[in-house]
Every structure is written in structure tokens, then in C-alpha cells.
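Using the sequences and the accompanying hints, generate a full structural model.
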Amino acid sequence: MLVIHAEHRKKIGTKNSRKLRRQNKCPGVIYGKQQPNITIIINQNIISNIQRTNDFYKKTIEIIINNNQRYITKICHIQYHPFKKTITHIDFLYQM
5 MLVIHAEHRK
15 KIGTKNSRKL
25 RRQNKCPGVI
35 YGKQQPNITI
45 IINQNIISNI
55 QRTNDFYKKT
65 IEIIINNNQR
75 YITKICHIQY
85 HPFKKTITHI
95 DFLYQM
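The numbers in the sequence shown follow this note's numbering, run straight up by one, and end at 100.
If you're looking for bench data, these hints aren't it; they were derived computationally from the structure.
Every value quoted in this text rests on a predicted model; they were computed, and no experiment measured them.
Where is the CB? At the ideal position from N, CA and C, for every residue including glycine.
Please note that the accuracy of each hint is not assured.
[Unchecked claim] Below 20 Å or equal to it, Euclidean Cα-Cα: the simulated DMTMM-like pairs (lysine to aspartate or glutamate) are:
#	residue 1	residue 2
1	K14	D95
2	K15	E66
3	K23	E11
[Unchecked claim] Computed spacing ranges between beta-carbons, pair by pair:
#	residue 1	residue 2	range
4	K88	Q38	29 to 39 Å
5	E11	Q55	33 to 43 Å
6	F87	Q38	32 to 42 Å
7	G17	N47	13 to 23 Å
8	D59	K19	27 to 37 Å
Written out as C-alpha cells, the structure reads:
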């Protein structure tokens, strides 16, 4: 199981997402059936390093938000920049 440390994201929208990307951070969301959506911020360097591991897209990922909330997830969808091939947004799905 992979572990990712993230921050809770309070401001949402395109303008705020672009600001995050300029700061080398990646916006994301955790969602699932009958669960509240949680918007998060992940450091781009962490995502890039973890992405290089084997079976990144298949593994279960534990996301720790602000060092106190833990969520067991799997990757649902990843959006990439068309030229730079960096991750611009990532969606996680709750695992029960």
C-alpha cells in the first residue's frame, strides 16, 4: 500500500487550481458512493515519484490529510498536461 500526505483544499475552481499548479502542487478529489467529496492538494514531486513505481494505477493508496484524517483509496482518473506530461488533476475513489 502506498501512502500519500496531502492537505485539505478550501478554495476550489479553475483560477485556484491554476495557482496551485504554478506552486508545483496538484489538485485532487476523493469521492465515493454515499460519501462526502473531499478536495485535496498534493505536492507534484510526491506524485511524480510515486507514479514511477510499479502498479501505481492498481495499488491501494492511503491518503493522510493534515496528519490526522486517513482514507483508503484507489486511483479513479488522472488528467495530464498535453505537452509536459505532468499530472494536472487526480481523482481517488473511496475503498470500503
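Notebook entry, point to check: Hint by hint, which ones does the structure fall short of?
Noted result: 2, 5
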